[in-house]
Structure formats: structure tokens, C-alpha cells
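Sequences are here, hints too, so could you generate the full structure?
Protein chains: 2
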Amino acid sequence: MTEQELGITESKEHNPGEWYAEVVQKSGLADYAPMGGFIVTRPRGYALWERLQNHLDGWFKETGVQNSYFPMFIPESYLEREKDIVEGFDPEVAWVTHGGHDELEERLAVRPTSESIITPFIAQWVRSHRDLPMRLNQWCSVVRWEATETKPFFRTKEFLWQEGHTAHATHEDAWEETMTRLHQYERLYEEVMAIPGMLGRKPDHDKFPGAHTTTTIEALMPDGKSVQAGTSHHLGTSFAEAFGIEYTDEDEIERTAHTTSWGLSWRALGALIMTHSDDQGLVLPPALAPTQVVVVPIWQADTEDAVKEYAADLAAELDGEFRVEYDDRDERNPGFKFNEHELNGVPLRIEIGPHEVDDGEATLVHRPDGESEVASRAEIGDAVDDALDTVYAKLYAAAEENLAENVREAHGRGDILGTIGRYGGYVKTGWCGDEDCEAVIKDEIAAEIVMLPLDDDEGAVHDTCGICHDEAEETAYFAKSY
Amino acid sequence: MTEQELGITESKEHNPGEWYAEVVQKSGLADYAPMGGFIVTRPRGYALWERLQNHLDGWFKETGVQNSYFPMFIPESYLEREKDIVEGFDPEVAWVTHGGHDELEERLAVRPTSESIITPFIAQWVRSHRDLPMRLNQWCSVVRWEATETKPFFRTKEFLWQEGHTAHATHEDAWEETMTRLHQYERLYEEVMAIPGMLGRKPDHDKFPGAHTTTTIEALMPDGKSVQAGTSHHLGTSFAEAFGIEYTDEDEIERTAHTTSWGLSWRALGALIMTHSDDQGLVLPPALAPTQVVVVPIWQADTEDAVKEYAADLAAELDGEFRVEYDDRDERNPGFKFNEHELNGVPLRIEIGPHEVDDGEATLVHRPDGESEVASRAEIGDAVDDALDTVYAKLYAAAEENLAENVREAHGRGDILGTIGRYGGYVKTGWCGDEDCEAVIKDEIAAEIVMLPLDDDEGAVHDTCGICHDEAEETAYFAKSY
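If you read the protein sequences in the order shown, they are chains V and G.
Every letter in the first sequence is one number past the one before it in full-length UniProt numbering, and letter 462, counting from 1, is 462.
Every letter in the second sequence is one number past the one before it in full-length UniProt numbering, and letter 159, counting from 1, is 159.
Derived by calculation from the structure, the hints in this document are not laboratory data.
Be a bit skeptical, because a hint or two may be false.
When chains are identical, the list treats them as one kind, so a pair holds in a single copy or across two.
Pairs of lysine-lysine residues, derived as DSSO-like cross-links and limited to a Cα-Cα distance of at most 27 Å, are as follows [to be verified]:
hint : residue 1 : residue 2
1    : Lys337    : Lys12
2    : Lys225    : Lys83
3    : Lys151    : Lys308
4    : Lys308    : Lys480
5    : Lys337    : Lys61
6    : Lys308    : Lys26
7    : Lys61     : Lys442
8    : Lys480    : Lys337
What follows is the structure, encoded as C-alpha cells:
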């Protein structure tokens with residue numbers, strides 16, 4: 001890479017779309033594939049996905065989930081067995097029609113989501129209440145043929161995700177499962193990605209096809225739009241009935257199971273990049289960064305040996321406890337290295353020059369804000385640990401502040417439109433429950449109801465619908481969304 | 001499950017095909033999908049694949065490989081850019097022709113292997129000798145539309161695998177890479193799966209399309225057939241030329257890179273099951289077994305409390321160091337439990353009855369041979385460790401013995417046919433290098449040349465071709481294969 005290629009030329013504030021695309025490509029996360037709507041995930045991008053996977057997969061396994069793998073193709077007749085799924089996904093299914101030189105007797109859908117192929121197998125495997133709960137998950141890619149502009153990780157026809165599918169004896173058990181997974185998504189966003197999430201449910205007209213309740217975690221981006229960051233569906237008995245999950249209960253009576261499904265995709269990476277990164281490039285929370293600490297020696301001819309020895313020794317000491325890179329390339333100057341590691345989102349840079357060597361110290365520089373601190377060489381491990389905690393705390397605080405400042409109350413069509421138009425973010429208002437009232441806002445500025453609070457005790461804020469002024473049934477959060 | 005459902009009814013010796021299918025299904029590894037050629041990998045089967053992945057992925061990363069993810073679809077025009085790939089794979093490609101309600105302008109192949117989509121990106125990313133070697137890998141599924149009977153893990157239209165793709169400055173570097181990966185496959189088979197492998201290369205007419213050299217690890221199954229257990233290809237410059245991987249060398253001259261690709265699929269699970277399992281069900285090496293140790297308390301009414309307390313305490317002590325299940329189900333008798341854990345391939349069973357409690361001991365029973373030993377309660381951790389090592393050693397020794405006994409020399413058409421027909425296994429003979437001489441054998445008994453030794457110093461065993469009696473160019477190993 002040349003010096004010039006390192007620089008991000010677009011501005012996050014003024015041109016977030018172009019800026020985003022530039023950061024993704026220049027920091028080596030992803031490239032565009034030859035077919036519109038597809039991307040190539042490069043090692044630095046995939047490493048982020050692997051770390052998200054490891055966290056989430058560990059939590060799933062601790063809570064009774066087993067990984068499995070189902071075919072990537074679903075026969076058309078299976079897809080048709082749950083009518084809501086067909087209606088919901090048929091317009092965006094990619095179809096395999098030929099195998100080798102022969103036309104297939106029945107078209108095969110490339111899975112857009114796998115309820116229609118997993119549920120019939122759960123039905124075979126579940127016989128008695130003792131087989132419940134059954135909790136399966138798969139990490140795979142799915143395809144949805146949406147005709148929109150490609151935006152890496154946010155909008156791609158093929159995307160990586162996990163999809164969990166579970167069956168339970170009762171409605172309550174399925175609800176508990178739905179919330180367990182939603183809270184694991186929240187934990188991933190908060191603890192690992194340093195992004196606060198808002199939990200809620202989707203209005204009935206925006207639920208997953210066939211679902212009883214769709215819960216969502218929403219994350220507010222700095223450009224004022226909301227990202228649907230993960231969804232967890234209570235499917236009631238609709239899929240269990242369509243595919244016949246019956247179990248013999250303790251009282252010997254045959255009952256229908258209650259199912260859930262829940263998914264989190266690489267859109268999480270999109271939210272991560274969009275939330276923390278800046279005009280110098282990628283910014284990563286320490287838990288996800290492939291390289292957490294880079295040690296850069298800064299020398300002149302007469303200090304080279306002493307500086308390099310000191311720096312290499314320090315890097316070696318940190319290695320193992322942290323993910324460390326020691327960057328002693330001769331062919332690059334320190335300024336180039338600083339820019340490159342900032343572009344790539346290394347959370348902490350340690351600069352070692354002759355002064356640090358003489359004083360038995362190290363200079364620690366935080367990404368993203370460039371704040372520096374001097375640490376004692378003798379206690380470098382603790383200092384790095386603290387500095388990484390500080391970087392995480394800074395990132396989380398900034399995202400939290402953005403969220404706190406951007407939830408506003410509004411009442412009346414003009415007020416709602418004006419508030420979203422001027423500030424972006426969320427607008428809380430009363431809602432009568434009628435989709436038409438959402439349409440009034442949506443048609444005007446493409447903002448919609450992204451969530452309803454899960455616990456509507458506080459719903460009494462609004463007595464009347466913010467749009468039609470009839471009695472309010474609940475509180476709605478309007479926002480523009482990805 | 002009922003007592004009856006636990007039993008394997010087919011015989012491995014007399015009906016290996018039916019026996020295999022029964023073991024796979026009854027031990028809960030996989031089921032058949034509604035579309036012929038596809039399977040559903042159940043949690044117990046997927047857990048084995050995850051463990052293989054973890055071992056191999058760790059070794060890859062230690063040796064400079066980076067994971068990435070490329071689109072599952074390849075435009076037809078890309079597939080056509082390397083002519084050998086088209087000829088090799090075109091007959092078995094699944095084609096996506098429609099997205100939603102629209103016919104696509106260009107058909108998309110569901111990847112049968114990804115050289116044609118990965119190599120053009122490596123060409124974009126490689127500019128200078130400093131960018132080499134570049135080593136990418138992806139864990140994914142691929143589809144090959146072969147019209148054969150479904151055999152879980154061995155023959156399925158969709159299968160899980162890893163595919164590595166690398167680029168290097170020189171032919172020699174690419175050769176070293178090819179061998180590094182082949183040896184990692186060998187290590188996986190030997191250390192993790194307890195299966196000795198034979199390393200070799202394929203005859204020219206059986207190489208990967210476009211490859212300079214295809215190396216293979218072959219594993220001999222108890223039914224006398226060879227499994228191509230993993231392949232590593234030196235691709236020479238054919239793909240680099242087709243897709244334009246050029247780099248500027250140290251001397252400022254533009255040179256063409258040399259590439260490799262290498263893959264190991266879930267066929268490894270097929271080889272694992274076929275090699276070690278028996279008429280009681282699955283047999284697993286301890287490194288792969290999801291449950292390594294099961295503790296079964298055996299009590300009467302008057303001893304229940306003492307036995308259960310002792311057994312639970314012992315299980316708790318082992319937990320953490322080993323993967324332990326404590327099976328104190330009341331509704332099943334010990335005999336049922338023994339059968340069930342044998343079916344599922346738990347390598348070590350610990351039986352605790354009143355005698356063990358009184359004597360401060362534990363009875364350890366090995367799978368597969370039922371050999372039992374008495375260990376002191378005080379040193380149970382060491383005893384389990386040793387017993388698991390012993391189980392591994394027994395499995396490896398049996399497989400090694402099968403291999404050693406089944407490599408035979410033969411010379412002359414009748415001798416070769418007779419030896420393979422009577423004993424199975426490998427027949428070593430001289431070979432002139434002409435495909436027609438292989439056809440003489442293949443047409444008769446469906447045995448073929450599965451490998452040629454990598455190092456043919458010992459090739460002097462045969463001066464003449466075992467079939468045509470012309471001068472021998474090398475030594476060939478004939479076998480029937482999966």
C-alpha cells in the first residue's frame with residue numbers, strides 16, 4: 001500500500017454511505033464480488049465474524065443449544081407447507097433448477113431461512129415431553145434476492161448468520177427461550193461490540209412470517225438510523241402445526257409443541273463499523289480486534305539497537321496475554337505505520353523511542369481519540385490491561401451518549417415528521433395499533449415503527465395515538481432504519 | 001428409544017453398506033433429507049465435525065493460513081475461464097437460474113470448488129513479492145450433482161469441507177505448501193482419528209482439473225476399499241495464468257505466481273465411522289468423542305444413597321479434565337445404559353456399584369473391546385487418562401494392522417485381479433504410465449490406481465508394468481475405492 005492508499009477521503013459526518021464503503025475496502029474487511037449484491041469477506045473481516053461467533057456459540061452451548069447442519073436447499077413443496085413463509089419469502093428466493101445437464105423435477109430454494117426444512121425433522125425426533133426442549137442451531141449462509149444496492153454486511157444477497165430453532169412443551173417455555181436468545185444478542189452487542197441495544201418487539205404487520213411475536217434488538221447508528229441488530233421469534237404453534245411436531249405429555253395426551261427461531265447475521269459487523277469507526281478508518285473494541293496492541297519502535301541510526309531490543313522484549317512480554325504485533329519494518333517510517341494501524345483499528349499503539357528506553361517507560365496511545373499515557377515498563381502488563389478497558393469504556397460511552405441524546409418524544413404528524421427529519425434517532429409516541437397510522441409517516445420520510453417496548457408499563461406516557469389521536473394502545477418508536 | 005431401537009441388526013462383516021447406514025442413523029449422527037443425495041447432520045454428528053475443524057483450523061492458523069469467505073455462487077463466465085475446471089465440473093454443477101420471480105441474465109453455479117472465484121481476487125490483492133505467500137482458507141459447503149446412491153458423509157450432493165487456496169513466488173514454495181497441508185491431513189487422521197494414512201499422488205489422468213500434481217492421503221477401510229481421505233493440489237501456474245496472478249519480484253520483473261489448493265471434507269467422518277465402529281454401534285477415539293467418560297451407578301434400594309453419592313462425587317472430580325456424563329437416570333436399567341453408551345461410542349464407561357464403594361475403587365470398561373480394569377478411587381484422574389490413551393492405542397493398532405496386512409505385491413493381469421478380488425486392500429505393481437493398463441483392471445473389477453508413492457526410490461521393485469509388461473515407470477497401488 002502507498003501512503004495515499006491509506007487515507008480515508010470521505011467524511012463520516014457528511015457522506016456516511018461513501019465513507020462506510022471506503023473504510024470497509026481500505027481496511028481490508030471486504031471487497032465487492034462480480035455479481036451485484038455479493039461480497040468477498042477478506043481475512044480481516046472474517047476474523048471479526050469468527051470472534052463474534054466464538055462468543056455467541058459459547059453462550060449458546062452453555063444454555064443447551066446444539067449445533068447441527070441442514071441442507072442448503074429446500075424443496076419448493078416444503079417451502080409451501082407454511083403459507084406465511086411462502087408469502088414472506090417467495091419474492092426473494094434464489095432457485096436451483098438444473099443439476100448438471102438435467103432439469104430438476106422439483107425446483108429447490110436456496111435457503112432464505114430454514115424453518116421449512118428444520119421443523120419437519122424436529123417433528124420426527126420429538127416424541128415425548130422428555131425430548132423437549134430441543135434446541136438446534138446452525139452457522140451458515142442464506143440467500144435473499146433483494147434488488148437493492150450492495151452495502152457490505154448491511155445489504156447483501158448472500159449473508160452469513162446463525163439460525164437457532166427450538167421446540168418446547170409450552171407457550172411460556174418458548175417465550176422464555178425467545179427472551180434468553182434476545183438477551184444473549186444484547187450481551188454480544190454491549191460487552192463485546194461496545195454498542196448499547198434497545199430491546200423491543202415488532203408491530204404485528206412487521207413480524208416474521210407466521211410468528212406469534214417477533215422481538216428485536218435495535219442499535220442506533222451515528223447517522224441517526226436504527227439497525228435491526230438481531231431478532232428472536234416466538235413462533236407459537238404455527239410451524240409445529242404445519243410440520244406436525246406432536247409430543248406425548250406426562251399425562252399421556254398428545255400435544256402440539258411451541259417453537260422459536262432466532263438469528264443474528266454479519267449485519268452486526270456493519271453496525272460495529274458504522275458505530276465506532278472514524279475518518280482515520282476502522283475502530284475496534286479490544287475484545288474483537290485481531291491485533292489488540294501494536295508495538296512500534298522509533299529509532300535513529302545511533303539508537304536503533306537499544307530501541308529495538310527494548311521494544312522487542314516488551315512485545316514478547318505482552319504476547320500471550322494480549323494479541324500483539326511487533327512492527328519493526330525497516331521499509332516504513334513510524335508515521336506510515338501509525339496511519340496503517342489506525343486504518344486497521346488496532347485499539348492500542350505502544351511507541352518506544354530513546355526516551356522511553358532511558359526512562360524505563362512506554363508511551364501508550366489509544367484508538368480512537370489519540371490520547372496518550374506514559375506507563376512504567378515494569379508494570380506494562382497491567383497498564384495495557386487498563387488501557388484496553390479504557391478504550392472499551394470510551395467506545396461504549398460514546399455510543400451510549402448518542403443513544404441517550406436521540407430518543408425524543410413527539411406528538412402529532414408534523415411534530416413526528418419534523419423531529420425525525422431534523423435529528424434522526426428515535427421518536428417515541430403513542431400508537432393506536434393501526435398500520436395506516438405508520439404509513440402516514442412512512443410514506444413521507446421512510447421512517448417506520450422499528451419497535452414497541454417489551455414492557456409497556458411506561459406506555460401511559462401517551463394517552464392518544466401520535467398520528468390519528470384515537471386512544472393509544474402502546475408506545476411506538478419511529479426511526480429510519482437500515 | 002426402546003431397547004430394540006438401540007440394537008444394530010446388520011453385520012459390519014457381512015453387510016457393511018447396510019451396517020454403516022444403520023450405525024449412522026441409530027447413533028444419531030445423520031438422517032436422510034427429503035431430496036436424494038442430501039443429509040441432515042444431527043448434533044452428535046456435527047459435534048464430530050466441529051472437533052475435526054478445531055484441530056485442523058488451529059494447525060492452519062499456526063502455519064500462516066487466514067480464514068475468509070467467498071460467495072457460494074460463481075458466475076458461469078468465471079467458471080469458464082479455466083477450461084480444465086469447466087470440463088471437470090460442468091457435468092455436476094447445480095445451477096441457479098432465477099432470483100425471486102426473475103430469470104437471471106447469467107446462470108450462477110453453486111460452487112463445486114472455489115478456484116474460479118477465489119483466484120481472481122488473489123490476483124487483485126497480490127502486487128509484489130512482499131504479498132506472497134498468500135494463504136486463504138474457507139470452511140463452507142459445496143455442491144456436486146453426482147447421480148449416485150446417498151451414503152452419509154461418503155457420497156452426498158452437498159458436503160461440508162474446508163478449501164485452502166494459496167499463491168507463492170516459486171514452484172518450489174508451492175510444492176512445500178502442498179506437502180505441508182498433506183502432512184496436516186495425515187496428522188489429523190493419525191493423531192485425532194486413529195487412522196494411519198498412506199501418502200501418494202494421483203496418476204496424471206486422475207489429477208484435479210488443471211493441476212500440476214494432485215497429492216492424496218488414502219485410508220484403507222476394513223472392507224478392503226480405499227478412501228481418498230484428503231487431497232492437496234500443486235496447481236502450477238495454470239490458474240494463475242487464467243486469472244492473472246502477476247507479482248513484481250525483487251528484481252522488478254513481473255512474474256506469474258504458483259498456486260495450490262487443498263481440501264478435506266466430512267468424508268473424514270465416513271472414514272472414522274467405517275474404520276472403528278462395530279456391531280454394537282459407534283466407536284470413537286477419545287480426542288473426538290463428545291462424551292469421553294460416562295459414569296453409571298448401579299444400585300439396589302439399600303445401596304442407592306451410598307452408590308449415587310460416591311458416583312456423583314467421582315463424576316464431578318473428573319468433570320473439567322474430561323468430557324464426562326453422569327448417567328443416574330432412574331427410568332433406565334444399567335443394561336440399557338450400557339447398550340446406549342456403546343451405541344453412541346463413549347470410549348470409557350465407569351461402573352460404580354456397592355463393591356466399588358466398599359473398596360474405594362472404580363471399574364473402567366473400554367470401548368470397543370469391553371476390557372475392564374479396576375482403578376483406585378484416589379488416583380481416578382490418572383487412571384482415566386491412561387485408559388483413554390489405551391483406547392486410542394487399541395484403535396490405532398487395529399487400523400494399522402489392517403493396513404499392514406493388506407498391501408500385497410502382484411504381477412500380471414490375472415494375479416492383480418485375483419489378489420484384489422480375494423483380499424481387497426492394495427495391490428502394488430509396476431506401471432508403465434499408460435491409462436489403458438489401468439483400464440484393463442478397472443473394467444474387470446472396478447479397482448483403479450488410487451496412488452503412486454511420492455518418493456519412488458523404492459520403485460525399482462518392479463522392472464516391468466504388471467499389466468502390459470513394458471518397462472515400468474513407477475509403482476502403482478491398485479485398490480477398489482469409495
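Here is how each hint holds up against the structure:
For the identical chains of this complex, Lys337 and Lys12 are intra-copy neighbours only, at 22 Å inside a copy versus 62 Å across copies, given an alpha-carbon limit of 27 Å. For the identical chains of this complex, Lys225 and Lys83 are neighbours neither inside a copy (32 Å) nor across copies (47 Å), given an alpha-carbon limit of 27 Å. In this assembly of identical chains, the alpha carbons of Lys151 and Lys308 never lie at most 27 Å apart, being 42 Å within a copy and 59 Å across copies at closest. Within a single copy, Lys308 and Lys480 get their C-alpha atoms no closer than 52 Å, and across copies no closer than 60 Å, so neither meets the 27 Å cut-off.
When the C-alpha separation of Lys337 and Lys61 is checked against a cutoff of 27 Å, the pair qualifies only between copies, where the shortest distance is 24 Å, while the shortest distance within a copy is 40 Å. Taking the shortest alpha-carbon separations for Lys308 and Lys26, neither the intra-copy value of 29 Å nor the inter-copy value of 61 Å comes in at or below 27 Å. Proximity of Lys61 and Lys442 under a CA criterion of 27 Å is satisfied in neither setting, with 40 Å inside one chain copy and 48 Å between copies. Taking the shortest Cα distances, Lys480 and Lys337 never come within 27 Å of each other, neither inside one copy (38 Å) nor across copies (57 Å).
Hint compliance for this structure: hints 2, 3, 4, 6, 7 and 8 are broken, all remaining hints hold.
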